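A.B. asks: These protein sequence lines are chains B and E, in that order.
Residue numbers for the first sequence follow the working numbering, so the first one is 1 and each next one is one higher.
Residue numbers for the second sequence follow the working numbering, so the first one is 254 and each next one is one higher.
No lab work stands behind these hints: they were computed from the structure.
Don't take each hint at face value.
As the list claims (entries may be wrong) - Calculated from the model, a selection of chain B residues having no Cβ within reach of chain E, i.e. all distances over 12 Å:
| no. | residue |
| --- | --- |
| 1 | 7 |
| 2 | 23 |
| 3 | 54 |
| 4 | 122 |
| 5 | 221 |
| 6 | 245 |
To be verified - Label pairs and their in silico Cβ distance ranges:
| no. | chain 1 | residue 1 | chain 2 | residue 2 | range |
| --- | --- | --- | --- | --- | --- |
| 7 | B | 186 | E | 335 | 21 to 27 Å |
| 8 | B | 117 | E | 361 | 38 to 44 Å |
| 9 | B | 166 | E | 361 | 45 to 51 Å |
| 10 | B | 229 | E | 826 | 53 to 59 Å |
| 11 | B | 166 | E | 303 | 44 to 50 Å |
Claimed, not checked - Derived pair list, reagent style SDA-like, types lysine to any residue, alpha-carbon separation capped at 20 Å:
| no. | chain 1 | residue 1 | chain 2 | residue 2 |
| --- | --- | --- | --- | --- |
| 12 | B | 242 | B | 172 |
| 13 | B | 208 | E | 285 |
| 14 | B | 142 | E | 877 |
| 15 | B | 199 | E | 261 |
| 16 | B | 199 | B | 107 |
| 17 | B | 134 | B | 148 |
| 18 | B | 142 | E | 287 |
Given the structure is predicted, the values throughout are model-derived calculations rather than measurements.
Ideal Cβ placement from N, Cα and C applies to all residues, glycine included.
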Amino acid sequence: MPKIELPKIPLAVMIAGALVTLVLVLASVVVGVGVIKAWWGLPFGPLRVDATQPIQFPHDAHTSDPRVVVDGDVTDPASQISLDDALVIQPAAGVGDVVGAGIDCLFCHRTVNTDEAASFPAVQQCLFCHQVVKKDSPEVAKLITAAETDQPINWVRVHRLPDHVQFVHEAHILFFSEQNNIAPSQACSICHGEVQTMKVAEQVRSLKMGDCVDCHRSGYLSYLTDEARDRVETEVEEGRLKGPPTDCAACHY
Amino acid sequence: MALSRRKFLKLVGGSGAGAAILAACRPAVKEFLAQSPVRMPEDLVTGVDNWYASVCHECGAGCGVIARVVEGRAKKIEGNPKHPLNAGKLCVRGQGSVQAVYHPDRIRRPLKAVGARGSGEFREISWDEALDTLLGQLRELKGVAAPDGDRNKVVLVTEPISGHLGMVVSRFANAFGAVQASYEPMDVTVLNAAMEKVFGANLVPDFDLTNSRYLLSFSADFLMGWISQVRHSRGYGELRQGEGSARGTFVHVDTRFSATAANADDWIIVKPGMEGKLALSIAYVIIRADLADGQAAEALFGPAPLVSALEGFRPELVAEATGVSPQKIEEIALEFAKQRGIAIGGGTAGAQTNGLFNLTAIFALNQLVGNVGKPGGVILNPASPFASDPTFKDGASFDRYSVTPLEGWRDITQSMQAGEVSVLLVRNANPLHGLPSALGFREGLGLVPFIASFSSFLDDTTAMADLVLPTHLPLEDWGDKSPNPGPGFQAIGFQQPVVRPFHETRGFGDLLLTLSQELEMEQELPWTSFREVLREGAQKLRQLNRGNVSGISFEAYWNNLLQLGGWWDEGARADGDISVQRLDLGDAEPTFLGSEDEFPFHLVPFASVSLTDGRGAHLPWMQATPDPITTAAWETWVELNSMDAKELDLREGDMLRLQSETGWSIEAALYPNPAMPRGVLAIPLGQGHKAYGRYAEGRGANPFNVLGLLSDKETGALAWGATRVKMTKTDRRIRLPKYEGVVIPIDFDNNVKITRG
C-alpha cells in the first residue's frame, strides 16, 4: 500500500481554516434562518420594506377616536368626546392638540367591503378636509401641490402578498363583520393589526401561505365572538354554512 | 471573430431567453404601486345611500316620491311605493326634478335689478338688504290695499297652492290686504267647475280604471300629462293587461293624434269644440236604447219622455257638426252603456268657449250609466281631515284651491295698465310666458312700480322683477300636498327637505312668516317657522287616531309620518249616496277667433310631455326627452296633415309663420304627420322663453303668444283651443331635431331577397 505523504500544514493555518469554516457555517446558518424566516414569516426588521412614505400619513391621528391632550398627556380614553365638541372646547379650555379625527377606515379605503382591493383614496378626497384642516403643515402642502400640479401620489406599498395568489378583501371583511355583527372597519385589524395606533403603517402578520391556511383551517374561529363561534361551528358542521375554503383554487386562480 | 449566421441566431435567441428569464425573476412594478389618483373615480359609489320620502311638485297631482341621497346630494328620484296615488311609479318630469337642484343658472342669493326693467341685469345683494328693500315697499301699503281699500294695490301671484302653504299664503294675503291670484297656464278652472256641476264636488274624483272594462276619453291626454298622469297610466295598464280580467277597451275622441290616441283601440276624430255635442248624442242613444240608469237619466235631463230633451243631439243631426258618423256614435254609445264604462274629458275639450258645456256633458255620461261610486267607475273623493279645521277658515286649503281664470287676469292687467298696482309679488308662476300676448300683460308689468319675485330661476316674469328673493326648491323645503285627484280616500303627502339648501335660498313659507312678523301680523300668522305649521297639522292628524301612521310620542309619530311620506286612511271614503243634479247645459256652440276663410287652420296647442306648459323647459333632461309621436326634442314644431302639406308644397323643417287675428305671430318648424286630421295645426307648448336659464332661453316658439282672448262663457277660463290661425311659409328651413328617420331604413321589399329551403 503506497504511503501517502500528507503535506504538513502549519497549526496556525489549520486554526485559521477552522475559523473561516465556522464563520462560513454560521453565516450560512444566519442567512438560512433569515431566508427561512422571510420565506415563512416576516423578514428581520431592517430587511423589511422601508415604509417611509412620500407624504407622512399618521394613521393614528386620522383614525383614533378624538381625545384632547392635556399637559402633554393624552386624556383617558374613557373621557372620549366627539370631534365636534373637541374642536369647540379646544381653544376655550386652552389645552393642547386634539388627537384623533375618528375617521372610519372605509371613508378612505372605500372599496374594501365591495371589491377585491381596499383601494387608496384620491387626492381630491384628502382635500375634502385638508383644504381647511392643517393647511399650514408641510406634509399637507405636498398634498395640495399634488392636486395643483395634477400629480398622483405614489405610496410605498407596505402589504404585498406572494406571487400567484389572489386575495379578495370583500369576502373577508363581510364574513367577520356579519358573523360578529360589527362594523366592516372593525374587521380590518385581524390582518392589519391596530392601525389606529400606528404612526407609520406596518405589516404585522406574515401574510404568507401558512398564515392564510392556518386561518382558513380553524384559526378563523379565534377571531369570532363566543356567540358567533358556537353558531358558525354548528352551521359549518351541519353544512348550512360553507366554512373558509382550503382547496388550492380558492386563492390560486 | 467571424460571426456566422448560426452563431448570430444562437446569440440572439440566448440573450432573448436570458432577458425574459431574468425579468421574470422580479415582480412587476405595478405590484408595488399604491397610488392615490388626483381625481375621484367617477364610477366609484361613495358612502351609504339614504332614501327619504317626499312629495313631487312638478305638477298638481302630488305624487309621493322617494329621493336617494348619497353624502348629502340628492341623486335619484323614484315613486314612493307606499303612497296610495302613484304606488312607486313616477313620470319623466318627476324623475327629472332632481336636476333643478344642480342647475347652473339657479339664483344663488337675492338679486336687485340694476339695469332697465327686463334688461336682465342684476346685482347680488344680502338677505338683509333684500328684506329691507321689500319691507320698505310693503310697510306703507299694509292695510290700504284690497279688499277694503284700493283695489289691486298689491297683487300676490303664486302657482295654485293647497295645503298648509296655501293656508299661510292666503292668510298673509288677507292680513296684508293683497289680492291673491294663482296662475296656471292651462287653466283647470273649467274642469273644477264641471266637477261641481256633475258630481257636486269641488274635488276631482278618482277614475277607477283598474277595475273598469271600458274607457271613453274625450281629448284628455291622460297618458301624457292630463291632471294625474302617473295615476291614470297605472290604472290604464291594469285596464289593458291587468291579471285576472279581460283586456278592457279604450276609445279616444280627439282633435289631434296624441300619444294617448295612439294607444286607443279606436281613435275618433272630432271637430274642435264639438266633444260635448258628441257626448250628448251618445247620451241620447243610451237613453233611447233604454240602457241608462233610469233615475239618473231623469234627474239629469228632466222627466220622461227623456229623449225629447236631447232630440237636438240625435246622431244624424250632430254627425256633420262633430264629423263622426251616426253609426259610429251608436256603436260607441251601446258598448259604453253595456260595459258601464268611464267617460273622462279634458284638454282641448275644456279649452273652448263652450268648455264647461263640453266637460259637463262628457262627465254626465258617468251618471247616466250609473257608475259613480261603484268599483270600476268614478270614485268621489272625500273632504280632507282638515275640512272643518278653523285654521283653514278662508282661502286655500286641502279642499279648495283656486285658479284665477283669464277674466281675472284681464282685470289685473287692466289695473296694472291703469297704474293701480303698486307692488306685484310673484312666486313660481310665469304669467308673462303663459298669458296671450294680446292681453298686454308685458306692457302692464312695465307700469308696475315694484315687482318682487320669489322664484329659484330667472324665468320670463322674474326677469322683469326689481328684486328677486330666491326660495328653496321642493327637495330643500318643507311642505305637504293632498293628491289632486285623490285616490278615493283621505290622503295627504308630507314633504321634507331631503338635502340641505344648495344656495342662499329660503323657504317660501318661512319667508312669508318672517315678513308677517316684521309687518306686525302675528295675530294672523302666529308661527315662527313653516315647519312648526306642518307639525301643528301633524298633531291634529295624530289626534284623529286613525290612518297609516302610529307613534307612541308625537316625535315618534312625526318621524314615522315623514318616513312613510304622508298620512292616509283607506277607510275614510266619500259618502255612499250620490245626488244627481239636473244638468244646466248652457250654450253648446263653440266660437272661434278668426274667420274660416282668412284663418283656415284650427290651432290645437298641447302640453309637451316633458316641458308641460313651459315650466320644465329649464332642464336639459326635459328638453332632450323626445315627444312620443314625432320623436322631436329641443324645438317647437307644428304638426300638419301630410296631404295638406303636400298640397301647400311644404316639407319637414320648413319654418312656418302662424298668425292669428290678434295680429301676433310665431314661427315654428313643420312636421307633416299623416295621422293629423285635416285643417288642424297641433303645436306643443313649453318653448319660446325669453329668459329661464341657458337651456330654455330663445329656443323654439311660444304658442301662448298667438292665442286670442277668448274665454269659456261661464267660468271665464282661457279658451286656449279656440284660436284659428293662418299659415305662411318663410324662407327659412331647419333640420328638426328628432330620432325618427335619422337612420335610413332598409327597403326590405325591394332589396332583400328571402330565399327558402
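A.B. asks: Hint by hint, note whether the structure agrees.
C.D. replies: Outcome of the hint check:
Every CB of chain E lies more than 12 Å from the CB of residue 7 of chain B, the least distance being 43 Å, so the non-interface label holds. With a closest Cβ-Cβ approach of about 29 Å to chain E, residue 23 of chain B is found to remain outside the 12 Å limit, as its non-interface label requires. Interface exclusion of residue 54 of chain B from chain E breaks down, the closest Cβ pair being 10 Å apart, not more than 12 Å. Distance check for residue 122 of chain B against chain E: the nearest CB is about 5 Å away, which does not clear 12 Å, and the non-interface claim fails.
Non-interface status of residue 221 of chain B relative to chain E is upheld: no Cβ of that chain comes within 12 Å, the nearest being about 30 Å off. The Cβ of residue 245 of chain B sits about 24 Å from the closest Cβ of chain E, beyond the 12 Å cut-off, so the non-interface label holds. Between residue 186 of chain B and residue 335 of chain E the Cβ separation comes to about 34 Å, which falls outside the hinted range of 21 to 27 Å. At roughly 40 Å, the beta-carbon separation of residue 117 of chain B and residue 361 of chain E lies within the given 38 to 44 Å, and the hint holds.
Take residue 166 of chain B and residue 361 of chain E: their Cβ atoms lie about 50 Å apart, and the range 45 to 51 Å holds. Under the hint 53 to 59 Å, the C-beta atoms of residue 229 of chain B and residue 826 of chain E, about 56 Å apart, fit the expected range. At roughly 34 Å, the beta-carbon separation of residue 166 of chain B and residue 303 of chain E lies outside the given 44 to 50 Å, and the hint is violated. As the CA atoms of residue 242 of chain B and residue 172 of chain B are separated by approximately 13 Å, the hinted pair is consistent with the 20 Å bound.
Of the pairs offered as hints, the one joining residue 208 of chain B and residue 285 of chain E holds, with about 17 Å between alpha carbons and a cut-off of 20 Å not exceeded. With a C-alpha separation of about 44 Å, the suggested pair residue 142 of chain B and residue 877 of chain E falls outside the 20 Å cut-off, and the hint is violated. As the CA atoms of residue 199 of chain B and residue 261 of chain E are separated by approximately 57 Å, the hinted pair breaks the 20 Å bound. Taking the CA atoms of residue 199 of chain B and residue 107 of chain B, the gap is about 18 Å. The hint holds against a cut of 20 Å.
For the proposed pair residue 134 of chain B and residue 148 of chain B, the alpha carbon gap of about 17 Å is at most 20 Å, so the pair holds. For a cut-off of 20 Å, the pair hint linking residue 142 of chain B to residue 287 of chain E stands: about 17 Å separates their Cα positions.
The structure shown violates the earlier hints numbered 3, 4, 7, 11, 14, 15.
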